[in-house]
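A.B. asks: In order, the protein sequence lines correspond to chains A and B.
The first sequence runs contiguously to residue 222 in the working numbering.
The second sequence runs contiguously to residue 362 in the working numbering.
Mixed in with the good hints there might be a few duds.
What the hints assert, rightly or not - Just so you have them, the derived chain A footprint on chain B, three or more residues with Cβ under 8 angstroms: (1) 191-205; (2) 221-233; (3) 305-319; (4) 332-342; (5) 345-354.
To be verified - Derived coverage of chain A by chain B (criterion: at least 3 residues anywhere in the stretch with Cβ under 8 angstroms from a Cβ of chain B; other residues may be distant): (6) 45-52; (7) 57-65.
Unchecked claim - Subject to a maximum C-alpha distance of 25 angstroms in a straight line, what follows is the list of computed DMTMM-like cross-link-like pairs (lysine to aspartate or glutamate): (8) B:K362 with A:E113; (9) B:K362 with A:D105; (10) B:K267 with A:E116; (11) B:K267 with B:E329; (12) B:K362 with A:E107; (13) B:K267 with A:E113; (14) B:K358 with B:D294; (15) B:K267 with B:D334; (16) B:K358 with A:D64; (17) B:K362 with A:D111; (18) B:K358 with A:E116; (19) B:K270 with B:D334; (20) B:K267 with B:E296; (21) B:K358 with A:D111; (22) B:K270 with B:D64; (23) B:K267 with A:E107; (24) B:K358 with A:E113; (25) B:K267 with B:D341; (26) B:K267 with B:D317; (27) B:K358 with A:D105; (28) B:K358 with A:E107; (29) B:K270 with B:D341; (30) B:K267 with A:D105; (31) B:K267 with A:D111; (32) B:K358 with B:D341.
Hint data in this document are derived by calculation from the structure and do not stem from the laboratory.
From the three backbone atoms N, C-alpha and C, an ideal C-beta is built for every residue, glycine too.
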Amino acid sequence: MQCATVLLVAIAFALLPRDAFAQSTESRLSVSGGVRWTGGSNIGPRDADETTAGGGSYRLFASDTELGGTTAADATLGVRLTRLLRAEIIVSYGRLNLRTHVSSDVEGIPDTEASESIGQLTLEGSGLIDLTAWRLPRQTMPFLAAGGGYLRHLHEGRMFVESGTIFHAGGGVLVPMGSAAGGEARSALRFDVKAMIRNGGAIPDDAPHVSPSLAASFVWNF
Amino acid sequence: MKSSVVSHQSSLDVARDDPERSRRVARRRSQVFSIVLAAALVIGGPPREAFAYLKFGTNVGGRDVALRWSAMPVRYYINDQSVSGVSASEFQAAVGRAFSSWANVPTAAVSYQFAGFTSAGPGDGDGINTLGFRSAPDLDRVLAATSFIVDTVTGALLESDIFFNSAFPWSTSASGTAGRVDVESIALHETGHLSGLGHSMIGETELQANGGRRVIAAEAVMFPIAYAAGSVAARTPRADDIAGMSDLYPDGNLSEDFGSLSGRVTKNGKGVFGAHVVAFSSASGAMIGNFSLDTEGHFSIAGLSPGPYVVRVEPIDDAGVDSYFGASEPTDVDFRAMYFDRLVVVPRGGDSGAIEVKVTPK
Chain A
1 MQCATVLLVA
11 IAFALLPRDA
21 FAQSTESRLS
31 VSGGVRWTGG
41 SNIGPRDADE
51 TTAGGGSYRL
61 FASDTELGGT
71 TAADATLGVR
81 LTRLLRAEII
91 VSYGRLNLRT
101 HVSSDVEGIP
111 DTEASESIGQ
121 LTLEGSGLID
131 LTAWRLPRQT
141 MPFLAAGGGY
151 LRHLHEGRMF
161 VESGTIFHAG
171 GGVLVPMGSA
181 AGGEARSALR
191 FDVKAMIRNG
201 GAIPDDAPHV
211 SPSLAASFVW
221 NF
Chain B
1 MKSSVVSHQS
11 SLDVARDDPE
21 RSRRVARRRS
31 QVFSIVLAAA
41 LVIGGPPREA
51 FAYLKFGTNV
61 GGRDVALRWS
71 AMPVRYYIND
81 QSVSGVSASE
91 FQAAVGRAFS
101 SWANVPTAAV
111 SYQFAGFTSA
121 GPGDGDGINT
131 LGFRSAPDLD
141 RVLAATSFIV
151 DTVTGALLES
161 DIFFNSAFPW
171 STSASGTAGR
181 VDVESIALHE
191 TGHLSGLGHS
201 MIGETELQAN
211 GGRRVIAAEA
221 VMFPIAYAAG
231 SVAARTPRAD
241 DIAGMSDLYP
251 DGNLSEDFGS
261 LSGRVTKNGK
271 GVFGAHVVAF
281 SSASGAMIGN
291 FSLDTEGHFS
301 IAGLSPGPYV
311 VRVEPIDDAG
321 VDSYFGASEP
331 TDVDFRAMYF
341 DRLVVVPRGG
351 DSGAIEVKVT
361 PK
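Based on the sequences and whatever the hints tell you, model everything.
C.D. replies: Here is the structure:
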């Protein structure tokens, strides 16, 4: 629902009167490669409870689990659908830590942090709307993006895989490199700011978890 | 929470009246000891732990064999004697609910069948499984006891009886009765034994002035000390109990859908026997435990849902060592409780791969 709302707003922006900034001979295909940082997410506390004679709970120890941040390698294949709309497929891979902080043990065991390293692979589809109405220096093109796809977590030891879903919504800018006269520049720098919503995978609850994401990539237009 | 429950062991060998087969059978007895209003169960004879869970077992031809029923359903009789506050039919209904709780474990293929009332008493050695009351005022800490007759040639479980000590006040009330011991709770523990389960150590106790122990909390009905009289909190098998029963009687795709966590507990480079290892899932909150069961310190916890686990290791300290191991076993309780510093991932249908938890002396 959030993604749909963002898309509708983006479409409304995009349908505003456009100016000469929009190029008439945009490239049809693009590929890009770069890095993406995604922030961590607190999964939340879970006590190791035992049952008392009255049916109540007695905490043996407390735990709090966090999915750490990750820096991933990103690759994107994009296609321009119209002057305003683009679609792309994004593949990324990075490593992150799942950490559980254990505390308040009834037998006085010192607080401990247990962790494991997880490989995260994502495959996402994304729709982008160029905000041609916005004037930015150096022919910089702002855009909005939203999409989602498949999330795959490979646990430490490489023996256990869990899959989930990932969604994103946000935007960014394309900064042309070199001359763009007569059409889109052959190459550009791209910067993205998104909210990533992960659900499932190694995340040990059924709730979606939102994390910020920043990406920088180099784009080749064809 | 140090342990000092007094050790009690009893075992006897009896010959079955079957000269043709000339089998030597061993009778093993486990007993529930009440400590004030709690109870401690003590295994008679040195238990033989086999495979991946603390289970009763016997030695057959030099190898340990877990005690388990080979034919289903397990048929049982109820003694027709009533006691104050509990009629034979009320007793049968409560015991039936306890059996149903085990039979309803979705990952275990175990079933039981009430065969009828009998005038035979528990412990008669008559070839039928009998549950009933018997007065044993001399056993002032024994709430109930489970005994086995085992074919020591094949390891087959031939008979198991459970006696409930009528020297204690009992209740089958749905919500429990203050000052009376809940039949269903104790029956669930004892029928776990009857099925082959040993003791779990997922529980906390505190010492009483009289030297006994009071249960603060437990997360396994197979914990060896009972809740105080009046409690009905032990009527439902917990994750640890379910894992144990499922390991004994695996159902369907258990081995494909669940996994195990294994490794060693060592101290100064040498294996630790009898260390209690608990796997905690922060996803479900479940705790499932086992012990290191040889002098190399090897342990294995089966019946775990796939995923990462926190591993906690501690010495036996909330019940007597003899609640778990025989006196001849080199159980080591001289080390500090600790957590393993990594999350251990249990794969679906496989094992975590051996970890080594290095504990330090106290």
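A.B. asks: If a hint holds in the structure, say so; if it does not, say that too.
C.D. replies: For each hint, the structure was consulted:
Here the segment 191-205 of chain B counts 3 residues with a CB under 8 angstroms from a CB of chain A, which clears the bar of 3, and the coverage holds. Figure legend: the segment 221-233 of chain B, annotated as covered by chain A; annotation consistent (6 residues with Cβ-Cβ distances under 8 angstroms, at least 3 required). Coverage of a stretch by a chain is defined here by at least three residues with a beta carbon nearer than 8 angstroms to that chain's beta carbons; for the segment 305-319 of chain B and chain A the count is 8, and the condition holds. Three residues within the 8 angstroms Cβ limit are the bar, and the segment 332-342 of chain B against chain A gives 7, so the coverage statement holds.
Beta-carbon proximity to chain A at under 8 angstroms applies to 7 residues in the segment 345-354 of chain B; the threshold of 3 is reached and the given coverage holds. Evaluation of the coverage hint for the segment 45-52 of chain A: fulfilled, as 7 residues show C-beta separations to chain B shorter than 8 angstroms, against a requirement of three. Residue count for the segment 57-65 of chain A with a Cβ under 8 angstroms from a Cβ of chain B: 6. That meets the three needed, and the coverage hint holds. A distance of roughly 22 angstroms separates the Cα atoms of B:K362 and A:E113; the hinted pair therefore holds under the 25 angstroms criterion.
With a C-alpha separation of about 17 angstroms, the suggested pair B:K362 and A:D105 falls inside the 25 angstroms cut-off, and the hint holds. Annotation: proposed proximity of B:K267 to A:E116 holds, straight-line Cα distance about 24 angstroms (limit 25 angstroms). Between the alpha carbons of B:K267 and B:E329 the distance comes to roughly 17 angstroms, so the proposed pair stays at or under 25 angstroms and holds. With a C-alpha separation of about 13 angstroms, the suggested pairing of B:K362 with A:E107 holds against the 25 angstroms cut-off.
Taking the CA atoms of B:K267 and A:E113, the gap is near 21 angstroms; set against the 25 angstroms cutoff, the hint holds. About 16 angstroms separates the Cα atoms of B:K358 and B:D294, which keeps this hinted pair within 25 angstroms; it holds. With a CA separation close to 10 angstroms, the supplied pair B:K267 and B:D334 stays within the 25 angstroms bound. Restraint check: the Cα-Cα separation between B:K358 and A:D64 comes to about 24 angstroms, which is no more than 25 angstroms; the hinted pair holds.
About 18 angstroms separates the Cα atoms of B:K362 and A:D111, which keeps this hinted pair within 25 angstroms; it holds. Proximity of B:K358 to A:E116 is assessed by CA-CA distance (about 18 angstroms); at most 25 angstroms being required, the pair is judged to hold. Between B:K270 and B:D334 the CA atoms are separated by roughly 13 angstroms; this keeps the pair inside 25 angstroms, and the hint holds. At roughly 10 angstroms between alpha-carbon atoms, B:K267 and B:E296 fall within 25 angstroms of each other, so this suggested pair holds.
Annotation: proposed proximity of B:K358 to A:D111 holds, straight-line Cα distance about 17 angstroms (limit 25 angstroms). The suggested pairing of B:K270 with B:D64 holds, with an alpha-carbon distance near 23 angstroms, which does not exceed 25 angstroms. The straight-line distance between the Cα atoms of B:K267 and A:E107 is roughly 19 angstroms, inside the 25 angstroms bound, and the hint therefore holds. About 16 angstroms separates the Cα atoms of B:K358 and A:E113, which keeps this hinted pair within 25 angstroms; it holds.
Proximity of B:K267 to B:D341 is assessed by CA-CA distance (about 16 angstroms); at most 25 angstroms being required, the pair is judged to hold. Using a Cα cut-off of 25 angstroms, the hinted pair B:K267 and B:D317 holds, with the two alpha carbons roughly 18 angstroms apart. Among the hinted pairs, B:K358 with A:D105 is consistent with the structure: their alpha-carbon atoms are about 19 angstroms apart, no more than 25 angstroms. For the given pair, B:K358 sits about 18 angstroms from A:E107 by alpha-carbon distance, which is consistent with the 25 angstroms threshold.
Restraint check for B:K270 and B:D341: the C-alpha separation of about 19 angstroms stays at or below 25 angstroms, so the hint holds. For the given pair, B:K267 sits about 21 angstroms from A:D105 by alpha-carbon distance, which is consistent with the 25 angstroms threshold. The suggested pairing of B:K267 with A:D111 holds, with an alpha-carbon distance near 21 angstroms, which does not exceed 25 angstroms. Straight-line distance between C-alpha atoms of B:K358 and B:D341 comes to about 10 angstroms, which keeps the hinted pair within the 25 angstroms bound.
Against the hints set out earlier in the document, no violation occurs for any number.
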